[in-house]
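Colleague: Sequence:
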Amino acid sequence: MLGFYTVPNFSRRTLLPMPTTYPFLVADLAERAEPGRQERILVNLSNMEDYYNVFEKYGFSGSGASWAEHIETILEEYAPALLEHLELAGEGEIFLAFTDGPAATEQFLALIQPIFGDLGSLNKYLSQADPADFFE
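Reminder that position 19 of the sequence shown reads as 20 in the numbering used here, one-by-one numbering, no gaps.
Keep in mind the hints are simulated off the structure, nothing from the lab. These numbers come from a predicted model, not from an experiment. Errors might be hidden in some of the hints.
Stated by the list, open to error - Label pairs and their in silico Cβ distance ranges:
1. A82 <-> S47: 29 to 35 angstroms
2. S47 <-> T22: 17 to 23 angstroms
3. A34 <-> P81: 21 to 27 angstroms
4. E107 <-> M49: 33 to 39 angstroms
5. S47 <-> P81: 27 to 33 angstroms
6. G93 <-> L30: 18 to 24 angstroms
7. D51 <-> Q129: 16 to 22 angstroms
8. L26 <-> E85: 36 to 42 angstroms
9. D119 <-> E32: 32 to 38 angstroms
10. A34 <-> D119: 27 to 33 angstroms
11. V27 <-> E50: 35 to 41 angstroms
Glycine included, C-beta positions come from ideal geometry on N, C-alpha and C.
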């Protein structure tokens, strides 16, 4: 569903489409924040059978740990410095990432969301990944 947000500091309200983060849910941890954990990026895979099917098509589990491993591999190749600002985790049907702030979250989403936010792009990425190079 497309949402809208209001651009502040304008005399009249201007509605712009909200940028999508799907399938990632982003939360500012606010009072619960710790050093290195200012924002949380979450994917609950429990109702994402289409994603599991794409992963399994290429010999991967599609679990939260599998997502973490693939995302880490992409970041190592295209944005290794970003890994210093992230903590990746995955277990069962949950993928989690913690960032040290909005800049790291934005950079993460700019690189990862176009691949994981579209099944066609994910299919293309996984088709060139070798299952022998991954644990999950």
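Colleague: Determine for every hint whether it applies to the structure shown.
Modeller: Here is what the structure says about each hint:
The supplied range of 29 to 35 angstroms is met by A82 and S47, whose beta-carbon atoms lie about 33 angstroms from each other. Distance hint for S47 and T22: a CB-CB separation of about 18 angstroms, consistent with the stated range 17 to 23 angstroms. A C-beta distance of roughly 25 angstroms is found between A34 and P81, which places it inside the suggested range of 21 to 27 angstroms. Between E107 and M49 the beta carbons are some 23 angstroms apart, a value that contradicts the proposed interval 33 to 39 angstroms.
Between S47 and P81, the C-beta spacing of about 31 angstroms keeps the proposed range 27 to 33 angstroms intact. Remark: the range hint 18 to 24 angstroms for G93 to L30 is upheld by a beta-carbon distance near 22 angstroms. For the pair D51 and Q129, the supplied restraint of 16 to 22 angstroms holds, since their beta-carbon distance comes to about 20 angstroms. Evaluation of the 36 to 42 angstroms hint for L26 and E85 yields a failure: the beta carbon distance comes to about 23 angstroms.
The hinted window of 32 to 38 angstroms between D119 and E32 holds, with their beta carbons roughly 34 angstroms apart. Range check, A34 to D119: about 31 angstroms between beta-carbon atoms, so the 27 to 33 angstroms window is met. Between V27 and E50 the C-beta distance comes to about 23 angstroms, which lies outside the given range of 35 to 41 angstroms.
The structure shown violates the earlier hints numbered 4, 8 and 11.
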